[in-house]
Amino acid sequence: MKIFDYLFYRLYSFYSTKDKKGSPLFTSILYLSFVQIIFIYLVIAIYFITTKDYFNILSWLRENKGLSKAALVIILLLLEIFNYLRYGNREKRDKVISRYKSNKLNQSLRVWMLIPFVAFLIFLPFILSRVIKLF
Amino acid sequence: MDYLGYGSSGIDLLVSGAQFTVGAIKNSGQHKAAYETSKFLKNNLNIKVRPGDLRRGTKQFLGNASKKVAVIGGVLAVGDVLIDGNIRASHLLNMGMVVVTAIPVAGWIIGGAYFVGDLATMGITGKSIGDHLDSAVGGPLVDNIYDWD
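If you're matching them up, the sequences are chains A and B in order. Numbering follows the working numbering, in which position 29 of the first sequence is assigned residue number 29; successive positions increment by one, without gaps. Numbering follows the working numbering, in which position 13 of the second sequence is assigned residue number 13; successive positions increment by one, without gaps.
These are computed hints drawn from the structure, not numbers from a lab. All C-beta atoms, glycine included, are put in the ideal place defined by N, C-alpha and C. Misleading hints may appear alongside valid ones.
[As the list claims (entries may be wrong)] DEER-style ranges, computed between Cβ atoms:
| no. | chain 1 | residue 1 | chain 2 | residue 2 | range |
| --- | --- | --- | --- | --- | --- |
| 1 | A | K65 | B | V137 | 12 to 22 angstroms |
| 2 | B | G123 | A | V131 | 39 to 49 angstroms |
| 3 | A | E63 | B | L133 | 18 to 28 angstroms |
| 4 | A | K65 | B | K48 | 31 to 41 angstroms |
[Claimed, not checked] Going by beta-carbon spacing under 10 angstroms, a handful of chain B positions derived as facing chain A:
| no. | residue |
| --- | --- |
| 5 | L76 |
| 6 | G79 |
| 7 | D143 |
| 8 | I145 |
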């Protein structure tokens, strides 16, 4: 959970100064949930690549494409609710902020780096599958 | 038919249209509309909301709704590629449209025009713009993204 706490801190700090019209809490939780859904996908994809059981699930997903995509949206919304419960409380949020306020990574990591990072996570299973194929 | 995708695009169009309309109204007009709405809510439903809060709240709600729809659109576009297991021209078009509609004003207009055009094409030819593009390209750009055998 620490990585998500840190991500929330960075997103929240960023949108507190940039997102004057919207709500920094809402925006940071929305993007955090998106990153979390990519992490879930990553874990599942790596599991199926290493066990080579991916195609059974994939054929089921293809047969029930509408249902699969609806499930994806529901998972995203559930993650958002979970994150609201975790970071919506001001006390909890302040605790997370004070914990990461003077983190060393704050200087070297920029929020825009999250975009190539997420893209890398999406392609990581395919890179991994190629590496497995080589050996 | 991709009801979920069309639903998401439709909501995006509505939210973008509302944002565009609110943005196009002058500040004095916004104040007046907020005042009238506040008066209506107080007189008819006994709900007391200050006009300033109503105006700020509406803008904030529209901004948040727009971001949420964009993220859902992004998740659906990525999910489409992962479930299909190939990359087609229509996938790239969908992803491109998600990015374009996130751009205020110009992006909303392009996204709205695309959505209406897509529905019209669907009604006339029975195929979406993406389907036509896929037919024109011939086949998937990347055949099987899971090909590791």
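Now the hints, each set against the structure:
1. A:K65 x B:V137: 12 to 22 angstroms: 21 angstroms, holds
2. B:G123 x A:V131: 39 to 49 angstroms: 47 angstroms, holds
3. A:E63 x B:L133: 18 to 28 angstroms: 25 angstroms, holds
4. A:K65 x B:K48: 31 to 41 angstroms: Taking Cβ atoms as reference, K65 (chain A) and K48 (chain B) lie about 47 angstroms apart, which means the hint is violated.
5. L76: Check passed: Cβ of L76 (chain B) comes within 6 angstroms of chain A, closer than 10 angstroms.
6. G79: 5 angstroms, holds
7. D143: Given a least distance of 13 angstroms, the restraint on D143 (chain B) is violated.
8. I145: Hint holds; I145 (chain B) Cβ to chain A Cβ min 6 angstroms, cut 10 angstroms.
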